[in-house]
Amino acid sequence: MKRIIWVGLILVVVLLLAGCGSRKSPSHPPGYNPPNGNDPPDLPPIDPSIPGTRYLYALSRDQGQISVFKINSDGTLEQVNQVVTNDGPGCAVVHPDGNHLFVSTSGSGGDFIEIYGIDGYNLSLINANKMPAGGARQLRMVLSPDGEYLFVAHEDKNFVSIFRANPTAGTLDIVTTIGTGTQPKALAVSPQGKYLYIAKNGTNILGDDGEILVYQIAATGSVTPKGSVTIGRQPSDMVLNHAGSYLYVANYSSGSLMVFAVNSGEGTLTHKHTYTGDAGDVQSLAVAPDDHWVFAGKTAYNAYAVSGSDLSLVVGSPFYEKLEYIKCLKVDPSGRFLYAGRGESKVEAFTIGSSGKLTLAGEYEAGGQWVTIR
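Under our numbering, the first residue of the sequence shown is numbered 48, with each subsequent residue one higher.
Check each hint, because a few of them may be wrong.
[Stated by the list, open to error] Derived CB-CB ranges, DEER-like:
1) N251 / T346: 38 to 44 Å
2) G274 / P238: 34 to 40 Å
3) G274 / D109: 20 to 26 Å
4) T317 / D166: 41 to 47 Å
5) D144 / T406: 19 to 25 Å
6) S402 / E195: 37 to 43 Å
7) P238 / K404: 41 to 47 Å
[Stated by the list, open to error] Here are the simulated lysine-lysine pairs, BS3-like style, with alpha carbons at most 27 Å apart:
8) K241 / K273
9) K319 / K241
10) K393 / K377
11) K377 / K404
12) K369 / K404
13) K241 / K393
14) K393 / K369
15) K319 / K369
16) K319 / K393
17) K404 / K393
If you're looking for bench data, these hints aren't it; they were derived computationally from the structure. For glycine and all other residues, C-beta sits at the position ideal for the given N, C-alpha and C.
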């Protein structure tokens with residue numbers, strides 16, 4: 048009897064050891080598409096099912112790829128995937144359902160909006176929608192808050208397209224187009240999805256002031272003009288605060304940052320302030336989720352404290368000066384971290400202090416043409 052018990056115990060131990068030995072942590076996630084056929088450096092396994100896990104997507108137009116990073120609790124990033132796109136990606140937005148990523152691409156093969164399904168760190172291409180006008184170079188796009196409509200700025204063809212989006216099927220159905228006269232440079236949609244704002248260049252790009260065109264959005268996706276306001280030369284970025292009460296626009300050639308109050312009932316804009324000096328040469332803007340801070344990227348970072356329509360420069364600005372321009376800024380939904388794409392070469396991560404001060408958390412070799420967060 049004792050002999051049988053000992054034999055049974057030995058078998059259990061052997062089976063347990065065999066089971067442990069068969070488990071190997073993958074060096075990179077399944078579905079990874081390494082560029083040029085090269086394996087990436089070893090990366091820790093990430094569980095895509097962990098609730099609350101956030102990911103940052105960084106685009107490289109030159110490499111034609113999307114780098115996927117997991118956002119750690121301290122704001123640092125871990126690269127967990129890399130996906131090759133159809134052609135050079137220029138802009139990306141995450142659908143409000145959190146399960147789909149829209150990526151604009153332009154190149155010799157044409158202009159497309161690619162729609163990907165999101166499964167943790169994995170991206171799977173559902174469909175590539177060819178744009179109606181070749182060479183339109185769609186570098187900016189934005190989704191309505193409910194995700195039903197996608198607004199796309201075709202800079203080189205001087206118009207904005209409005210599509211009805213079906214992310215599950217991967218389709219985009221054209222609703223209408225808006226002729227902008229000259230290049231549309233930035234887009235914003237009000238938090239309630241009622242108004243569309245288009246920042247555009249003047250007729251003489253270097254010599255004439257630009258405009259913001261205001262449109263009311265109907266339930267069908269059609270739009271009605273609501274007027275326009277004059278801004279500076281060569282608008283580079285535009286963003287609404289999360290309450291929808293103020294709109295900020297950076298004018299590159301004019302070297303200015305402008306603040307407009309938004310009429311919540313009509314969507315119209317009233318100019319409040321124009322900041323110059325330190326506010327010049329800005330390429331990108333972002334607003335903290337609580338609307339207490341505005342961040343502006345040029346070759347360094349400016350942080351502004353918000354008081355109503357007033358902006359005051361945070362002590363220590365500008366932060367982290369370098370040669371390359373900061374192309375895109377995004378604040379994590381927690382409001383604790385700022386992420387930036389710097390040119391084609393780097394993604395930078397910062398913690399946001401209680402005073403608005405930025406502290407570098409890490410920098411990463413990846414495409415920085417555009418960044419967005421899920």
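Now for the hints, and whether the structure bears them out:
Evaluation of the 38 to 44 Å hint for N251 and T346 yields a failure: the beta carbon distance comes to about 26 Å. A hinted range of 34 to 40 Å is violated for the C-beta pair G274 and P238, which are about 20 Å apart. At roughly 40 Å, the beta carbons of G274 and D109 sit outside the given window of 20 to 26 Å. Separated by about 45 Å at the C-beta atoms, T317 and D166 satisfy the suggested range of 41 to 47 Å.
Separated by about 33 Å at the C-beta atoms, D144 and T406 break the suggested range of 19 to 25 Å. Restraint check, S402 to E195: a C-beta distance of roughly 39 Å satisfies the suggested window 37 to 43 Å. In this structure the supplied range 41 to 47 Å is violated for P238 paired with K404, their Cβ-Cβ distance being about 28 Å. Taken as a hint, the K241 and K273 pair is honoured in the structure, with Cα atoms around 11 Å apart against an allowance of 27 Å.
Between K319 and K241 the alpha-carbon distance is near 22 Å, which keeps this suggested pair within the 27 Å criterion. Distance check on the hinted pair: K393 and K377 sit about 14 Å apart at the alpha-carbon level, within 27 Å; holds. Our distance criterion of 27 Å between C-alpha atoms is met by K377 and K404, whose separation comes to about 16 Å. Taken as a hint, the K369 and K404 pair is honoured in the structure, with Cα atoms around 18 Å apart against an allowance of 27 Å.
A hinted pair counts as satisfied when its Cα atoms are at most 27 Å apart, and K241 with K393 does not qualify at roughly 36 Å. Proposed proximity of K393 and K369 is supported: the alpha carbons are some 11 Å apart, at most 27 Å. At roughly 31 Å between alpha-carbon atoms, K319 and K369 are farther apart than 27 Å, so this suggested pair is violated. Restraint check for K319 and K393: not satisfied, since their Cα atoms lie roughly 35 Å apart, outside the 27 Å limit.
Of the pairs offered as hints, the one joining K404 and K393 holds, with about 21 Å between alpha carbons and a cut-off of 27 Å not exceeded.
Violated hints, listed in ascending order, are 1, 2, 3, 5, 7, 13, 15, 16; each of the other numbered hints is respected by the structure.
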